[in-house]
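Quick note: the sequence shown uses the numbering used here, first residue 1, plus one each step.
Just so you know, these hints were derived from the structure itself, not from any lab.
A couple of the hints might just be wrong.
Estimated spans, in silico, between C-beta atoms of each pair [as the list claims (entries may be wrong)]:
hint, residue 1, residue 2, range
1, Y32, P144, 26 to 34 Å
2, Q19, T205, 16 to 24 Å
3, C166, S206, 38 to 46 Å
All C-beta atoms, glycine included, are put in the ideal place defined by N, C-alpha and C.
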Amino acid sequence: MQPKAFLLDLDGVITDTAQYHYLAWSELCQTYGFRFSEADNERLKGVSRMRSLEIILELNGKQNTYNDAEKQQLTVEKNDRYVQMIRQMTPADILPGVSAFLKDCRQAGIRLAVASASRNAPEILRLLGIAHLFDYVADAAKIPNSKPAPDVFLVCSQALDLPPACCVGIEDALAGVQAIHAAGMPAVGIRVAPHPVHKPDIALTSTAELSLPDLLKQLQSLS
């Protein structure tokens, strides 16, 4: 396979904002008296803001306590805290190997898109100084279903005017790998937890292993 585009998740692939998400959710939970731990936070990776709140409410037996408007307000409060935290991000927060990989893709004529559930993706890319390297950034607010549904990856391939089979997804979460496969694309997984069924086609242990020549060779060997 010779890919025409790589579709990258944001958190855990391009940068690591997980600590800010965790701190923002933790502050919100402390305010409203919800239980929330680092282990609970693992369940929120790769899912939308509203679904993250619903998971927290379910963990606390509060799933029927708030109406839709109240839940929306809670997600706004969480995001306000998160946005304040990420304002300190700089290009130094780009994960190892990512900058070189993106630049190599651009030089090779391979297109790039961000397939993320983060509504703050454009601002984060601006703070990291790499927004100009991407041909498309998915608008999370317009994605009907979050991962493991394939929607965000299909939207990206459509925006690039490419068939899914010509695109490769890069993810760090199991739900993301499932979404990539459901979209009909090969999946590159970075630190993805082992699963008996849903396995990335190419498994990496770190973003530092993101090498365009190596990925191209491995993709060509896929049957």
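Here's how the hints hold up against the structure:
no., hint, result
1, Y32 - P144: 26 to 34 Å, "28 Å, holds"
2, Q19 - T205: 16 to 24 Å, "20 Å, holds"
3, C166 - S206: 38 to 46 Å, "26 Å, violated"
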